[in-house]
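A.B. asks: Chains as they are written, first to last, in our numbering: chain B, 1 to 114; chain G, 1001 to 1118; chain R, 2001 to 2242.
Wrong hints could be hidden among the right ones.
What the hints assert, rightly or not - Where chain B lies over chain R, by a calculated footprint (3+ residues, C-beta under 8 Å):
hint, segment
1, 2064-2071
2, 2203-2214
3, 2217-2227
To be verified - Derived Cβ-Cβ restraints for the label pairs, each shown as a range:
hint, chain 1, residue 1, chain 2, residue 2, range
4, B, 13, G, 1019, 20 to 28 Å
5, G, 1081, R, 2015, 48 to 56 Å
6, B, 20, R, 2144, 32 to 40 Å
These are calculated hints, taken from the structure and not from any lab test.
Backbone N, C-alpha and C fix where the C-beta goes; we use that ideal spot for every residue, glycine too.
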Amino acid sequence: MKTGAHRNHPHYWAFVLHRVSGLLLALFLPVHFYVLGLAIEGAATLDGFLDWSSTPLAKLGETALVILLAAHLTGGLRLMALEFLGTRESSKTAVAVATGIAICTGMAFALNGT
Amino acid sequence: MPGAQIETKLWVWQRLSAAVLGVCVFVHLGMIIYAVQGGLNAAEIITRVSGNFLWFVFYAVFILAVAVHAPIGVRTILNEMTPLSPKATHLVMAVLCLVILVMGFRAVIGLYQAGAGL
Amino acid sequence: MSNTIKVSVWRGAKDGEYQTFDVPRQPSQTVLDVITYIQRHIDPTLSYRFACRVGVCGSCAMTVNGRPRWTCRTHVDKVATDGTLTVAPLRNLEVVKDLACDMTTFFEKMNRAEGKFHPTKTRDDDFAFIKPDDKKRKQAAAGIECIGCGVCYAACDIVDWNKDYLGPAALNRAWTLVNDERDGGNEIRLAAVAGDAGCHACHSQQGCVEHCPKHLSPTHAITGLKRETAKAAIKGLLGGGD
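Chain B extracted, bound-state conformation (with noise of 0.2 Å):
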């Protein structure tokens, strides 16, 4: 029995990232201001803390992370269109665009950064 068949389409994927990138976004903020927050004690410390995150793996999450920042600021502007624009059939087009934009972001991170 196909359960969930009637989830498999556009604004419903755009929903679960949205939710998902501002749950992992919030999560992410706390760890954010405190890492910034090193720079109090000087910047060794703060230096410290940024060499470890020049590792592969360290871009690879911060990709990630401006990904998810990126992908959840142009759901937003989706769903405000949406919300006080009425926009109507070309809202599936807005996700692909808004999910197209997000990945170009963080790509752009990634190549600037290494």
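Here the structure of chain B is known, so what remains is to put chains G and R in place on it, guided by the hints.
C.D. replies: Okay, now just chains G and R, sitting in the frame of chain B:
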């Protein structure tokens, strides 16, 4: 419907903070992509931000907006996906808001003043 | 292509199981034809609903291969691509027996969303003159064709996750009345549709839009309600809050 006023107001605040974050995140992402060229180091970050009032104001606004936006979102997720009561999720939301404000401003103020320690 | 289809049909109520039947294929066959064949020629104890058979009443709505649809408007050729079919009652509604659901909650929620007209005029007053290109009239017209079939309600994830959620059809109906110049019940109505069991629970997944057989957009109606309730809340008109 009970809670109508509160839910509606939270929705409004969520959308308002989202609009502010739309701008902030766009600037932030743009800057990250630009700044990450050739690697990242503390001195570079601190040079850019410390003593720079404009960046300070930008990040202060950013933190205020996130402190509104993220907790409301987390509250919704908790309400829909966990057995926590509305009172409990409301509390979690308030605590999260406080955490973001405290940690966020600690970081921003720290970076703003960090120039002196270099 | 074989000349029979294997059809798994839900039997029982909340507890039950799928029973499989072999049904002969016919040209231009609909899923309703298949169910009718089973009941008439194989198992007379199968319970299901239909009325018009031609896609105007919405009574034959069921879950076909996981998706809510009107069975009289679903061609077997389009859905039984591998020669099999699974038919179940609509999701999110209590099953009475086999393929028939209890629609009581669905209609109760229409009431709870204040989906009823509050008249402001008497028989001695003149007609309300509303131009065809009036913005509110067009907004109401976009949602007025709903026949209460329950497909959107069955497709909605929020209805699944939140038992109190009013649902797309009830909120769509409320929106058509919010836009009705002749109606006088908006203060009660906006308070009724706001909240975590109302329009604010919708996350615009648009399962309703995806499945509505009349191509309506309850999501649109719900975003409209979000805007109107926001305006009302800012003016302090919502009341009944915590």
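A.B. asks: Need the list of violated hint numbers for this structure, in ascending order.
C.D. replies: 5
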